[in-house]
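Peer 1: Based on the sequences and whatever the hints tell you, model everything.
Line by line, the protein sequences give chains A and B.
Residue 52 in numbering that gives the first Met the number 0 sits at position 53 of the first sequence; the count goes up by one each step and never skips.
Residue 79 in numbering that gives the first Met the number 0 sits at position 80 of the second sequence; the count goes up by one each step and never skips.
Worth flagging that the hints you see were computed from the coordinates, not collected in a lab.
Just so you know, not all the hints are guaranteed correct.
Any copy will do: because identical chains look the same in the list, a pair fits if it lies in one copy or spans two.
To be verified - Mimicking DSBU-like on lysine-lysine, the simulated pairs with C-alpha atoms at most 30 Å apart in a straight line are:
no., residue 1, residue 2
1, Lys124, Lys18
2, Lys9, Lys124
3, Lys47, Lys131
4, Lys8, Lys131
5, Lys117, Lys8
6, Lys117, Lys131
7, Lys92, Lys131
8, Lys20, Lys8
Since this is a predicted model, take the numbers as computed values, not measurements.
2 protein chains.
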Amino acid sequence: MAVDISLIKKLSCFQGLTKDKLDAISQISNSVCYLPGHILFEQGQKGKTLYFLIDGDVEVLFKSAYTDPRRVDMISGAELVGCSAMVPPYTYKATEQCLTEVEVLEIELEALRNLIEKYPQIGLKMQEHVIKILYDRILHFRHQI
Amino acid sequence: MAVDISLIKKLSCFQGLTKDKLDAISQISNSVCYLPGHILFEQGQKGKTLYFLIDGDVEVLFKSAYTDPRRVDMISGAELVGCSAMVPPYTYKATEQCLTEVEVLEIELEALRNLIEKYPQIGLKMQEHVIKILYDRILHFRHQI
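Peer 2: Below, the structure is given as structure tokens:
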């Protein structure tokens, strides 16, 4: 485990963090590639991993009590995936599946929580980024209403 | 300005914070009542204030490039209002208007940012709460698709 700090530096959610914090994040990150069809995680599962999509497309599948899983969103390019597992009850809110070959950075959430306890600035920065992503999704829905 | 700490303690987004932090929040909070029809803030405006809706109903009005403002959501009971202004670019993403008489706690965002710099745990806790609220809104939309 561990990736080069230059990979971490590029991600928008870490912009503005000091080198020691970027270095600490790189130490708990792992670079992985997946084939199309691979399921990153399933709706309702306890979240163990946070993903930073570096390259490729991921579809977001959502199942309600009355419907089968269906696509409600798609994520492309550099973005956070699985961020619902960062906050209580620490579960994934949808199933996310690779549509293409994808390259991700994986971070174990337990290691991340320990890091945030040591450096709260990392948590503030990441959660601020998650809030921005979620507002973008909400705006997307509002435009459709 | 300043409200009783017992009011702050009740709000779910501050659950688990220590007394010194709750006290610091109460010092920068102000209790205000508004009449039906009062506009708390307008879409696109720079955010100066964060609101904790204590009692009453607020409607969320959204205007796209192609439509007039129309209701896309309603907020009732104890909830955060105006949280988009907590993160860059620090603007409100919708217009929010009182539907009934409402009671709110108001916090100046600049004072809140200074407080979070001193006590990052307050920021982490509040952001975590905002993320949960936004996921609830997204799930609401997903159920409608």
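Peer 1: Next step is simple, just say for each hint if it's right about the structure.
Peer 2: To see whether the hints hold, each was checked on the structure:
For a Cα distance limit of 30 Å, the shortest separation of Lys124 from Lys18 qualifies both inside one copy, at 14 Å, and across copies, at 25 Å. For the identical chains of this complex, Lys9 and Lys124 are neighbours both inside a copy (14 Å) and across copies (27 Å), given an alpha-carbon limit of 30 Å. In the homo-oligomer, the alpha carbons of Lys47 and Lys131 lie at most 30 Å apart both inside one protomer (22 Å) and across protomers (18 Å), since each shortest distance falls under that limit. With identical chains, the CA atoms of Lys8 and Lys131 are at most 30 Å apart both within one copy (19 Å) and between copies (27 Å).
In this assembly of identical chains, Lys117 and Lys8 lie within 30 Å of each other by CA distance both inside one copy and across copies; the values are 19 Å within and 26 Å between. Taking identical chains as interchangeable, the C-alpha atoms of Lys117 and Lys131 lie at most 30 Å apart whether they share a chain (24 Å) or sit on different chains (23 Å). For the homomeric pair Lys92 and Lys131, the shortest alpha-carbon distances inside one copy (17 Å) and between copies (11 Å) are both at most 30 Å. Taking the shortest alpha-carbon separations for Lys20 and Lys8, only the intra-copy value of 10 Å comes in at or below 30 Å, while the best inter-copy value is 32 Å.
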